[in-house]
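**Q** Each chain, written out:
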Amino acid sequence: MRIELEKRANPSTLYSILSPFLALGLTVIAGGIMFALIGKDPVSALYSFFIEPLLDIWSLHEIAIKAAPLILIGAGLSICYRSNNWNIGAEGQFIMGAIAGAIVPVVFHDWHSPLVLPLMLVFGMIGGALYAAIPAFLKAHMNTNEILTSLMLVYIAQLFLDWLVRGPWRSPDAYNFPVTRDFAPEAILPELIASGRANLGFAFAVLAAVGLWLMMRYTLKGFEITVLGQSERAGRFAGFSSKRMIWFSMLLSGALAGLAGISEVSGTIGKLQPIISPGYGFTAIIVAFLGRLNPLGIIAAGLFLALTYVGGEAVQLTLSVSDKVTRVFQGLLLFFVLSCDTLIQYKIRLVFSRIGQSSEGGAH
Amino acid sequence: MSAVGASGGSPLLAVRSLTKLFGSFAACNAIDLDIQPGEIHALLGENGAGKSTLVKMLFGVLAPTSGQILWKGEPVRIPSPGAARRLGIGMVFQHFSLFEALTVAENIALSLSPGISLSKVAEEASRLSHLYGLPLDPKAHVADLSVGERQRIEIVRALLQNPELIILDEPTSVLTPQEADRLFETLAKLKAEGRSVLYISHRLEEVQRICDRATVLRHGKVTGACDPRQETPASLARMMVGSDVASVSAAGTNTKGDVLLEARHLSVPARTPFAVALKNVCLKVRGGEVLAIAGVAGNGQGELFDALSGEYPVPDAGAVSIRGKAAGNLGITARRLMGAGFVPEERHGHAAVPALPLSDNLVLARNQSDRKTFLAGGVLGVIRHAVVRIASKRISETMDVRKSGENPAAGSLSGGNLQKYIVGRELDRQPAVLIVNQPTWGVDAGAASRIRQALVDLAKAGSAVLVISQDLDEIFEVATEIAVISEGRLSDAYPAHELTREKIGLLMGGMYGKTEGEVAHAH
Chain A
1 MRIELEKRAN PSTLYSILSP FLALGLTVIA GGIMFALIGK DPVSALYSFF IEPLLDIWSL
61 HEIAIKAAPL ILIGAGLSIC YRSNNWNIGA EGQFIMGAIA GAIVPVVFHD WHSPLVLPLM
121 LVFGMIGGAL YAAIPAFLKA HMNTNEILTS LMLVYIAQLF LDWLVRGPWR SPDAYNFPVT
181 RDFAPEAILP ELIASGRANL GFAFAVLAAV GLWLMMRYTL KGFEITVLGQ SERAGRFAGF
241 SSKRMIWFSM LLSGALAGLA GISEVSGTIG KLQPIISPGY GFTAIIVAFL GRLNPLGIIA
301 AGLFLALTYV GGEAVQLTLS VSDKVTRVFQ GLLLFFVLSC DTLIQYKIRL VFSRIGQSSE
361 GGAH
Chain B
1001 MSAVGASGGS PLLAVRSLTK LFGSFAACNA IDLDIQPGEI HALLGENGAG KSTLVKMLFG
1061 VLAPTSGQIL WKGEPVRIPS PGAARRLGIG MVFQHFSLFE ALTVAENIAL SLSPGISLSK
1121 VAEEASRLSH LYGLPLDPKA HVADLSVGER QRIEIVRALL QNPELIILDE PTSVLTPQEA
1181 DRLFETLAKL KAEGRSVLYI SHRLEEVQRI CDRATVLRHG KVTGACDPRQ ETPASLARMM
1241 VGSDVASVSA AGTNTKGDVL LEARHLSVPA RTPFAVALKN VCLKVRGGEV LAIAGVAGNG
1301 QGELFDALSG EYPVPDAGAV SIRGKAAGNL GITARRLMGA GFVPEERHGH AAVPALPLSD
1361 NLVLARNQSD RKTFLAGGVL GVIRHAVVRI ASKRISETMD VRKSGENPAA GSLSGGNLQK
1421 YIVGRELDRQ PAVLIVNQPT WGVDAGAASR IRQALVDLAK AGSAVLVISQ DLDEIFEVAT
1481 EIAVISEGRL SDAYPAHELT REKIGLLMGG MYGKTEGEVA HAH
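If you read the sequences in order, they're chains A and B. Note that the working numbering has the first sequence beginning at 1, numbered continuously upward. Note that the working numbering has the second sequence beginning at 1001, numbered continuously upward.
In case anyone wonders, no lab produced these hints; they're calculated from the structure. Every value quoted in this text rests on a predicted model; they were computed, and no experiment measured them. A hint or two may mislead.
[As the list claims (entries may be wrong)] If you want the ones that stay clear, here's a sample from chain A, every Cβ over 12 angstroms from chain B, calculated: (1) 3; (2) 11; (3) 40; (4) 107; (5) 214; (6) 240; (7) 331.
[To be verified] What the simulated footprint calls covered on chain B by chain A, stretch by stretch (three residues with Cβ under 8 angstroms from a Cβ of chain A suffice, anywhere in the stretch; the number is not a length): (8) 1339-1346; (9) 1363-1370; (10) 1376-1384.
Each residue gets a CB set at the ideal place from its N, CA and C atoms; glycine is no exception.
Next up, chain B with everything else stripped away, as it sits in the complex (with noise of 0.2 angstroms):
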């Protein structure tokens, strides 16, 4: 492999007007794009700008309807991802495709082809992620190893392929910073030896940091190419928005009312072998407050959900007290009944029926709570279906929620049009105590400022907010107070002025039990 200056010379992949249609609706319309040898390009964009569909066509998954790949200045039709991989492309996907009852070793001898043993695979891989700083133990379960952990066999799996070019799928979204700084550095590593990256992602700060090029997405057209380092991360995002993206005002100057939301030494085992523990949390949100909860994925965010929205609720009563009463024992129903509001961090299938329109996706969420306005008929409980869309139409308007059509069907809906709805179902009530998991997971920059101003809006009116998030933006845009998750276990909450991003991301990686003292004393 021979290393080519970054630019100039003949492009490793060339994208001229690549063209995927479904339908009518151009996915990526015309796309032009160049990875010169041994660069890291990212590609940037909005959810929904195209920038998936525009790796699926180059990784195989996807067939283009028009225009043209050059690999190496050689016209090629890529037909299956097993024809990238033979080309010298591999991926990254940004859902991991890992059997958890399997070992490392076992996971990557599932990607080659049969008939290699095992222990060469192990030994090759070990030798592959030392050689990459991306440490792995290959006799270890996936069940057993952190998301960064999980994403590393996925790198390594990647790397056996000996590829020229890797495309990552927004690899640093579900790792802390110092997992992320790690990442970073076996990038640099790919680089030097003239591998080419292309890298996608909406964070803005880390394309800077690591990019030599940048081509930005939106609507399925190229609208930039640019060197990221002369850029700043507003005229980026102009770039990917088509119009700057109002910055949320803080809800810094509220003032303190009553604990409207408590957890008092909630414990809760492990439902599945799978899920966390929750040890011993104890939380306060007051009104006016916005609780930001940071954490990395799979600590713990999710049975902590669950146990305080009450869907599966706990034996202890005086574990979860809403606006003051022992509610730990009582389901969700009951909960919303005291003045609480919940959102999920899985939009399809939890927050919303993807099948249903979004009336009935109303519906779900207040059934009980709004039983008087939406039912008629007593214990026949026929759904008044007009008043319902009245009521959908309200929030849709609100929220600005861009759909085809009056009630369409939730599942048809984009990300984050969807997610402001769902939120927007839940302020609609103006609930005493929201708690909101992942608010804007996967959800365009738009979408997320106006989510996020929202709940903003709810604490300064008074109600409590809890905040439950990996993107640590968006914490320090929201929160008055911040506390970390890890392994089960919440740290005592700091008030968000104070804290800074190398504290949370010290605690975020499980050192909470070590140094706990430390870092109270550290304030």
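Next comes chain A alone, as it looks inside the complex (with noise of 0.2 angstroms):
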């Protein structure tokens, strides 16, 4: 016996809607088997890690801090894996989006006026995409790989940021701390509403998302996205640059990832320090695929991937296991959902034969 994949004739409509959530189930049932074999109830664990954290206010809010820069990125992701660029390193311009927004709150921390939040988003979003402009000027003028490149500056960022603060911008009354003086509170992100911690990121993360849907659903520019992703060829009979492209997905992805990244640290943790974010910049990535590569999509996926941080720190606490248990769901979801994206574009057939053993492939 073997199994083949045999390629549809159109992708399947039913499966494209189905693979998140076929994905999903085969996560949470991976998942109960984890459990399993670390000696813990499946069901109170998955209960506690997937149904709790949704019965409280406090964890509401939780969630959709940790979904803003999920949604913020992904969305920008979703706009540079559509058009064929493949930036991996949205975690290095979240990491120098947060340090450029950070310049005014830490540098200039005896200025006071309403201008100095709008200056940090404005710096921060500069910052990203500046930061996205290596790998997109290395694409585009020397062909190099932008998946190396854009995730080897994740590791230069991330230096970058823990020399600065045990460096130049040590808070001078954090008793040799590695952290910036607290921002000043003209420098903090509003919070949303009255009933907890969530702030405006999550709001920008949603107006951002909705823009570009609208971008990719409604215009010509959305139409070369599309068009150059999946056939740069077919892009240039358009009349439209692939380098151009490279320019444009990848600074607006940066941009977006920098926003996020000084919305994190005004808005939740009020200063810099080494370590500014779990792991989002590459979260995200499992976002956008999650999502679709659709921004609207990406909103849901975002606050889904929101539940697994919310949820594991729970299990971590209730159940004492390893935080890794986060990594370990998101890992089995992007694996899940990749996998089962294939059957939007083939069939899974079982054949029997008896002669089938046969190993040649065959020249053709």
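Using the hints, build the complex out of the two chains.
**A** Printed below as a string of structure tokens:
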């Protein structure tokens, strides 16, 4: 017996909707097996991982806080991926956006003005975009692989932040702890509603996602992104430039990652420290794919992935398992999403045949 | 291998009510076919008639849904190409599967079982290639070889398995007339040895010339079995198409207008190691003219199209002019705005994006030339999908594009219907200059005649039409002037009625440099 993938004549609409849910189901099953293997009751573990966080206001706010950067970054990445530019370095752009945005409250901490926050946000976007400009330049003009360059730049950004907060930007009042001074109140992103900590970052995320969805759905720019992503040659025939698209998509996703970075430090942390992200830039890649590279789908996917962070913290407390559980769940989810996506283009057939064991591939 | 007479006797391969269903669609519907030992058997049919599905089943690439395959009278199952080869069936595909960076011998060795030394393969390959009149240098790199030579590698590769039946899929579509003649001699040798050949083609003349019997397919069914020599091209075409094919009325008597498209000393270096450099190409097309550029594939046709369309502009602005204005350094959008339209060779992924609906593929080519109609919202560039859909419907109706549904994905259309849409998309604008690369490549006879007529009509209406084609029948049908491209050089253009196939063949075979004077004298 062998398993064959048979290409469908047309991509299946049913499976393109079903695939993320199928992947979720498989992730939950695999997660249950994992909990059982480490000796925990799978039902109660899954309950505290996926259901409990949805039941109280505090964790709902936590979910919104964690979903904001995931959605912002994921929406930007979806534009990149749709246009066939593989920006893997959003984590670095997030950090550089946070650093650039923090220039105002850290270096000019004596300046008090309502302009501080808008300037921080703008600087954050510029910082992220400039950092994404490095792989963009290298790809457009040196023909390097953006996957490698953008990924490697993440580590540079992380170490640069580490150096900054231990060196030149270390707060004089922090007893040698590697942190910057606390941001002044006018440099803090306001909360969204009175009931909890969730801040304006979530609003930015939803606005950006809806805006990008409108662009992809209705405008020539969105069409250009789709065409260049599917066939560079057809894009050239249409008069679109793939080089300009590299710049556009990388700068856009970099700017959104930078905005996510400065929103996070301004709204949630209130200062710079060596670690400002639990891997949002990488998790956002999963968000982008789980959301079918559709900005509206990414809002839902971002909320779900945020749940895995909050749920991971919950099981860490209640069942005392490692917080790596979160990473395992995210990895499983990406794995299953990508596998289930195969069903959109292919049918699975089991072939039972007697002479079928022939291993020859045939030359064609 | 015993040579049995072409008729009577037991067939080498027999197919009994062989059916292949894709879903509920019958690509092959109860096909019956007999191939006798030592005969050249033609399989005729339009694109989509089921020819490739049938041979894929014979070669073990596809599994039949029902029906029987009998090999020397015994029922057999052919689950894989390997099994087909072991039975004694060899196949030469239309699209070659060769590694350009490897040598001839290495490519051949790849298809054999491992453990045979390379020198042995080379020895055996060159012995076979001489035996069958297929000269090949085993040490040559594939990248350096012409398409005809590459085909020889595929044929030798099939012969190494000592097959009793060789299946050839559209073998002459990439050859010059002279190269095709050599191939026919090889086939005659194979036949004389008692081997059988299943010859797939839609070129009626050559089927009549070399084939002993023909089976005609239409819509997955056998519609006729005949001796092609007893038929006329018209009667064979009728069996293939099911009705008479409209013949194209030529552009002959047009009044000549101004020069609308001109290339002056256009030279372009090769962009990649496998590309062809254009050398000093000069051409002029007047309004009302159809200039056809003949040539064997891979002699710079694609590169010429790229330079003329502006997909790859050239530094020298004067090298290309459109309606009298220098355009060499301008991109494709600017050239479209000057009144030019373009139809590239490759439908999927160049002229159209297969996954996108037809209406989006209309926006693809006309997003700037029809900006006022198709876009709203100024700089925002909001696509007016409703307007685009109406225009797309108009094009489909004008060109008789047959499709499933109102606005299906481009990739779901058959080659002929998609090509009609792609050509119609440009004609709908009434371009002053139309540049078409291989307008009917892989297109069925009905669609091809429609497209050719549309090109001729456009020229009659006063536009300049440039057709790059490998199909000499097509060239003689549409052209008022003919030039030949070879190794990136373009010959002078001659009035179509002054040229014959033989002269074009000489020009094609790279004789241009040497015999330029002689050919010019001949006129």
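**Q** Indicate, hint by hint, whether the structure satisfies it.
**A** The hints, checked one at a time:
1. Residue 3 of chain A, annotated as away from the interface, keeps every beta carbon of chain B farther than 12 angstroms; the closest lies near 15 angstroms.
2. Some Cβ of chain B comes within 12 angstroms of the Cβ of residue 11 of chain A; the nearest lies about 7 angstroms off, and the non-interface call is violated.
3. The claim that residue 40 of chain A is not at the interface with chain B holds, since no C-beta of that chain comes within 12 angstroms of its own (minimum 45 angstroms).
4. With a cut of 12 angstroms on Cβ distances, residue 107 of chain A stays outside the contact zone with chain B, its closest approach being about 37 angstroms.
5. With 12 angstroms as the threshold on Cβ separation, the claim that residue 214 of chain A sits away from chain B is violated: the shortest Cβ distance comes to roughly 9 angstroms.
6. In this structure residue 240 of chain A is not separated from chain B by more than 12 angstroms, as the shortest Cβ-Cβ distance comes to only about 9 angstroms.
7. With 12 angstroms as the threshold on Cβ separation, the claim that residue 331 of chain A sits away from chain B holds: the shortest Cβ distance comes to roughly 29 angstroms.
8. Check result for the region 1339-1346 of chain B against chain A: holds, 3 residues qualifying (beta carbon to beta carbon below 8 angstroms, three or more required).
9. Remark: the region 1363-1370 of chain B is confirmed as covered by chain A, as 5 of its residues place a Cβ nearer than 8 angstroms to a Cβ of that chain, reaching the required three.
10. As drawn, the region 1376-1384 of chain B meets chain A at 5 residues by the rule of a beta-carbon pair under 8 angstroms; at three or more, the given contact holds.
Violated hints for the displayed structure, listed by number in ascending order: 2, 5 and 6.
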